[in-house]
Every structure is written in structure tokens, then in C-alpha cells.
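Asker: Quick mapping for you: the protein sequence lines, in order, are chains A and B. Reading the first sequence from the start, the letters are residues -9 to 105 in the working numbering. Reading the second sequence from the start, the letters are residues 7 to 118 in the working numbering.
Because the hints were derived from the structure by calculation, they are not lab data. Being a predicted model, the structure only gives us computed values, none of them experimental. Be aware that a few hints might be false.
[As the list claims (entries may be wrong)] Keeping only pairs whose Cα atoms sit at most 30 angstroms apart, straight-line, the calculated DSS-like set for lysine-lysine is:
hint	chain 1	residue 1	chain 2	residue 2
1	A	97	A	-7
2	A	6	A	97
3	B	17	A	97
4	A	97	B	63
5	A	60	B	59
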Amino acid sequence: AQKVTQAQTEISVVEKEDVTLDCVYETRDTTYYLFWYKQPPSGELVFLIRRNSFDEQNEISGRYSWNFQKSTSSFNFTITASQVVDSAVYFCALSESGANSKLTFGKGITLSVRP
Amino acid sequence: DAGITQSPRHKVTETGTPVTLRCHQTENHRYMYWYRQDPGHGLRLIHYSYGVKDTDKGEVSDGYSVSRSKTEDFLLTLESATSSQTSVYFCAISNLGGSEAFFGQGTRLTVV
């Protein structure tokens, strides 16, 4: 069975600090997909990134970067120079191939960025 | 933004009453899902649909049923609401296997 673990539950940083959100996953499939979602205080779920299991290239998008390492089954998310607007709950999720795109979510990490 | 709307957005109901939540999409996506979000649990899959009249159970399906008679609509029914079903319910859609899911705004349901 697939599983996603986000061991950090709450992180608090001061604005402009860098912060890394950890995600560890378990799956027996060789083909799978990993995702990060953001849930700001307003409550909606915002898609951030999708990665398939065959693409281990790290990705950078502005202040956001993602590090995918199959050897450690991790898909970590780093925010550089954090801002107050980054305050949100962040979810990592996994979808297995042939699973009708069902997502298994971690429990989420609450990030608070203080001015 | 993906065209997906949930109704109602908020509902308070009494224990033992039936409740139906509606999810409507304008994207013609194949897959539709119902998740519930509870503190300390993240989001958990209740039921999902992979086509019209094709549905299956998720990990927390007890006490819930679903129907999908049209591509655009996916209904979640609580046959007899219980306090343990107080939660925030999210509908999601996706198109291709392995593609990202887009979520509705959520429905906050309180069972008193």
C-alpha cells in the first residue's frame, strides 16, 4: 500500500529564511507520481508541482525548488527567502500508476512565516 | 482555474438526517473524487469515479455513497449523518492517469 509521511507538523520561520519541507513516500510501484499542494488560510488547495518517478531532475520555480531522490524515497520542497504569503499548510501526495489517479496525502505541514 | 464548484459551501445538519453534497465540473475531466479533511489526518479519499456510473470506494467510505449520472456531476450522500462526519469535504477532478488533481473550494459540514 502506498503511504506518504510528512514528519514535520509545524514549522515557524522568520521572513527571508530558507525552509525545507520534508516528504517521504512508500510505494511498490515502479511508476508513480508525486505532488505538492498548498493550502493557504483561505482554505483552497493549490497545485504546486507534479513529478513522475522516472524524472529525478530537481526543479526550480522562482523561490520554490524540489528535490526528488528515489534512493531515499523523498521529495522535499524548499522555499528560499520565505515570505509571509508562504504561510500555509503544505501537502505532499502520491499517486500510483493505474490507480485511477487517486491521491494519497501526507498529513500536511503548517508553515508560519513571521515578519 | 479549473471549473469546479461545490455546493453548498457550508451546511449544518442534525444527526440522523440525510445530506447530499454536489460537485460540478465544466472541464469534461474523466476522474472525480471526494476527499475529507480532518485535523491530524490530512486529506483522505472517500469515493471516486472513473466515468459515468463508474465509482469505487476509497479508504474512508463507510457511511457514504456516491453517484455520477453525468460527466459533470458527482454527488456525495451521507445517508444518516453522524457527528464523526463533521469535516471539510473537497471534490477534485483530474483528466489523465497520473495527472494533477484540481480541487473545489470545499464544503464545511457540521453535524450536530
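Asker: Against the structure, test the hints numbered earlier, and report the numbers of the ones violated in rising order.
Answerer: 5
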